[in-house]
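Peer 1: Sequence:
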Amino acid sequence: MIQKPKNIAIIGSGLVGSLLAIYLRKLNHTVTVFDRRPDIRNITFSGRSINLAMSNRGWNALKEVGIDEEIKEIGIPLDKRAMHVIGKPMYFQKYGKDGEAIWSISRGILNKKMIDLAEEAGVIFRFEEKVWNVSLPDAKLYTGETEKGEWKEYNYDIIFGCDGAFSRVRHKMQRRSRFDYSQDFIDVGYKELSIPPNADGSHKLDKNSFHIWPRGKFMLIAMPNIDGSFTCTLFMPFEGDISFEKIKTEDDAKAFFLTYFPNVMQTIDDLLVDFFKNPTSALVTMKCYPWTYWDKVALVGDSAHAVVPFYGQGMNAGFEDIFVLNQFMRKYGDDWELIFSEYQKERKPNADAIAELSYRNFVEMSSKTADTKFLLQKKIERHFAAKYPDKWVPVYSRVTFSDRPYAEALAEGDAQEEIMGKVMQMPDIENKWNSTEVEEKILSLL
433 MIQKPKNIAI IGSGLVGSLL AIYLRKLNHT VTVFDRRPDI RNITFSGRSI NLAMSNRGWN
493 ALKEVGIDEE IKEIGIPLDK RAMHVIGKPM YFQKYGKDGE AIWSISRGIL NKKMIDLAEE
553 AGVIFRFEEK VWNVSLPDAK LYTGETEKGE WKEYNYDIIF GCDGAFSRVR HKMQRRSRFD
613 YSQDFIDVGY KELSIPPNAD GSHKLDKNSF HIWPRGKFML IAMPNIDGSF TCTLFMPFEG
673 DISFEKIKTE DDAKAFFLTY FPNVMQTIDD LLVDFFKNPT SALVTMKCYP WTYWDKVALV
733 GDSAHAVVPF YGQGMNAGFE DIFVLNQFMR KYGDDWELIF SEYQKERKPN ADAIAELSYR
793 NFVEMSSKTA DTKFLLQKKI ERHFAAKYPD KWVPVYSRVT FSDRPYAEAL AEGDAQEEIM
853 GKVMQMPDIE NKWNSTEVEE KILSLL
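Positions in the sequence shown are counted from 1; adding 432 to them yields our numbering.
Check the hints yourself; a few may be wrong.
Straight-line alpha carbon distances no greater than 30 Å define the calculated DSSO-like cross-link-like pairs of lysine-lysine that follow [as the list claims (entries may be wrong)]: (1) K805 x K763; (2) K572 x K458; (3) K520 x K823; (4) K438 x K636; (5) K495 x K545; (6) K854 x K636; (7) K495 x K544; (8) K544 x K686; (9) K572 x K436.
Worth flagging that the hints you see were computed from the coordinates, not collected in a lab.
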């Protein structure tokens, strides 16, 4: 169905805001994007970013508006994890079937590109204009220099909140009766570090791998950039025996890296500079409901469902929100109340599922990936899945390489975990892991 052109405001010029703007322009709406921050294209990036892992859901959303090929030019495909475990040589774990990969993309580079593409499509951006208030029933918003100063009023037909986990738009919705809201910080923070390229511009580590140094309660990850560098993220508790609060001086930091990450030592000077220059940031899971108000206001992406980054699905989930919203816009035309109602009903259970999966993946990545029993279980699952691809799709593949609902991946994953719990109890499982007996056991439990 064709929609009547509307005058639409989007709050937030991040990845989700700029992609939504492109979608709305394709449907001939007038779109203005407000952001309190300066234009990211004119500033150096702040060191609070975790490189993005673009997977199927994200690519689907980009393909729908014809920009996927352009974005591939700024990414690097990663088809495996490279595990750096103390006392063992580095080893690889393939992600999926041949040809399946996640794509490492720098958040800053992608965001700049998306704003360029949105402007080319005719979107108007108003940077350094802070929204202080939103009137939900009549889709008005108010901007100004300060909260107490003079405000400017803008009238729109519809407002989208794409302004992240601490959304101003959601904050306004929270004051209404029967609005559910929760936020949960984990006691682990993160800090961005970087590994520069070799003198000839090549990568210091394997460039088609997602590098993980699992260390139990903390871990380091590294993802490649097209300029030969790696963006690294150190995840670690804020307080405790091994924590950010314990590292106060350069000597402390040096000793810490020497002990736990000896094979990144060739770049220690760069790591130390980053360690004390870049902020330590917090990680939050945020849930809320409803995501919409009448036919006037809707939340998309992190403002509706912020998740911790351990499944690499935050951006992919936000892009999938837009993909689904677009399907309802095409289906229901000008009935925005119905579009919004169907959108939130469809997306809410999936957002809750990916929040749960992301949290669990932190436990898995930091402590289980170095555990022999866990590795054996994964080996059995891979062996079985290769033989019976129609009977067993690993959860990671369901989340990352398919577009089936997240809620389905969570439910199937729980069922598989129950089966594998019984399989791992089998006597002498270490030696007969690839036997017919194990195979028949799994088939009988399925």
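Peer 1: Taking only the CA atoms, is the gap from K520 to K823 under or equal to 30 Å?
Peer 2: violated (34 Å)
Peer 1: Is K572 close enough to K458, meaning Cα to Cα at most 30 Å?
Peer 2: holds (24 Å)
Peer 1: Holds or violated: are the alpha carbons of K438 and K636 at most 30 Å from each other?
Peer 2: violated (50 Å)
Peer 1: For a C-alpha distance cap of 30 Å, please report whether K854 and K636 respect it.
Peer 2: With Cα atoms ~42 Å apart, K854 and K636 exceed 30 Å; violated.
Peer 1: Between K572 and K436, does the CA-CA distance stay at or below 30 Å?
Peer 2: Satisfied, since the Cα-Cα distance of roughly 20 Å is no more than 30 Å.
Peer 1: Taken at face value, is the distance from the CA of K763 to the CA of K805 at most 30 Å?
Peer 2: violated (49 Å)
Peer 1: Is the Cα-Cα distance between K495 and K545 30 Å or less?
Peer 2: holds (15 Å)
Peer 1: Does K686 sit within 30 Å of K544, going by the straight-line distance between their CA atoms?
Peer 2: Status violated; Cα separation ~34 Å.
Peer 1: Under the criterion that the straight-line Cα-Cα distance not exceed 30 Å, is the pair K495, K544 satisfied?
Peer 2: Satisfied, since the Cα-Cα distance of roughly 18 Å is no more than 30 Å.
Checked against the numbered hints listed earlier, the structure breaks hints 1, 3, 4, 6, 8; every other hint is satisfied.
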